[in-house]
Amino acid sequence: MCPSDQTSEKPDDNTSTGTAGGKTEAAQEQNHVVGPLTDDELQAGGMKRAVAYIRTKRSKEALRKEKQRKKQHDDGTRQINLDVPNNDRSRATMRGAAIAIKDEVSHQAIELLLANERLRPLIVGVAARPELHETIDLIQHRQATARSLDAVRLVISDPDLAALVERATATNRVREAMEVAAANPEFVFFGRNAATERSLCAWLARLLLRVRRTPRAGGDP
1060 MCPSDQTSEK
1070 PDDNTSTGTA
1080 GGKTEAAQEQ
1090 NHVVGPLTDD
1100 ELQAGGMKRA
1110 VAYIRTKRSK
1120 EALRKEKQRK
1130 KQHDDGTRQI
1140 NLDVPNNDRS
1150 RATMRGAAIA
1160 IKDEVSHQAI
1170 ELLLANERLR
1180 PLIVGVAARP
1190 ELHETIDLIQ
1200 HRQATARSLD
1210 AVRLVISDPD
1220 LAALVERATA
1230 TNRVREAMEV
1240 AAANPEFVFF
1250 GRNAATERSL
1260 CAWLARLLLR
1270 VRRTPRAGGD
1280 P
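The opening position of the sequence shown corresponds to residue 1060 in the working numbering, with each subsequent residue numbered one higher.
For the record, the hints were derived by calculation from the structure and aren't laboratory data. All clues given are correct.
Beta-carbon label-pair distances, calculated as ranges:
{"id": "1", "residue 1": "N1140", "residue 2": "E1170", "range": "18 to 26 angstroms"}
{"id": "2", "residue 1": "L1178", "residue 2": "V1224", "range": "26 to 34 angstroms"}
{"id": "3", "residue 1": "E1170", "residue 2": "K1130", "range": "26 to 34 angstroms"}
With a straight-line cut-off of 27 angstroms between C-alpha atoms, the simulated DSS-like cross-links for lysine-lysine are:
{"id": "4", "residue 1": "K1161", "residue 2": "K1126"}
{"id": "5", "residue 1": "K1130", "residue 2": "K1116"}
{"id": "6", "residue 1": "K1161", "residue 2": "K1129"}
{"id": "7", "residue 1": "K1124", "residue 2": "K1161"}
{"id": "8", "residue 1": "K1116", "residue 2": "K1126"}
{"id": "9", "residue 1": "K1130", "residue 2": "K1161"}
{"id": "10", "residue 1": "K1119", "residue 2": "K1129"}
{"id": "11", "residue 1": "K1116", "residue 2": "K1129"}
{"id": "12", "residue 1": "K1130", "residue 2": "K1119"}
Because the structure is a prediction, the values reported are computed rather than measured. Think of the CB as a built atom: it goes at the ideal place given N, C-alpha and C, for glycine as much as any other residue.
Produce the complete structure using the sequences and hints provided.
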């Protein structure tokens, strides 16, 4: 091995310390920045502008969902997750309901059905009988009064009264006669006596009216 060089040119500690201190001060002076440089200042200093794309940690699916949520927000809609029976009918019903509630009347109808369980069988029954649609439409659009609704209930609950109303409205002549009889009850009594009694006046009345004698409901007197 070569003996150590006693006359090494390595500076002593004092010299090294002085040199390092000088470099530190120079570096601090060089790194003193007044403010961020503008694009023009960077280009004047020899820098070239470049555009770079850096892949984020979010997946493609997360970006797609974010874009979908933004579109839904702009459209005034929101996606929700629901558990429905595992069949095509249930899924189609939920999709149809989601579309229908955009209309205010449909929205109110669905709310009423959900709030009132008694309405559900009524709606199903009416939907199964198209002949009821006209009656409900008349009640709704012609502002049916309590009196007319009571009359409807009477006709429905009494088959004999329903048959009488059907005969009374069969022709215009019968209807006019019913209206006269309702306005003049004495005509009704006269006609009943003329059609049921055996007196001479009753016989003449039947002859004029061309009607046959009919027995009373309680039997002949």
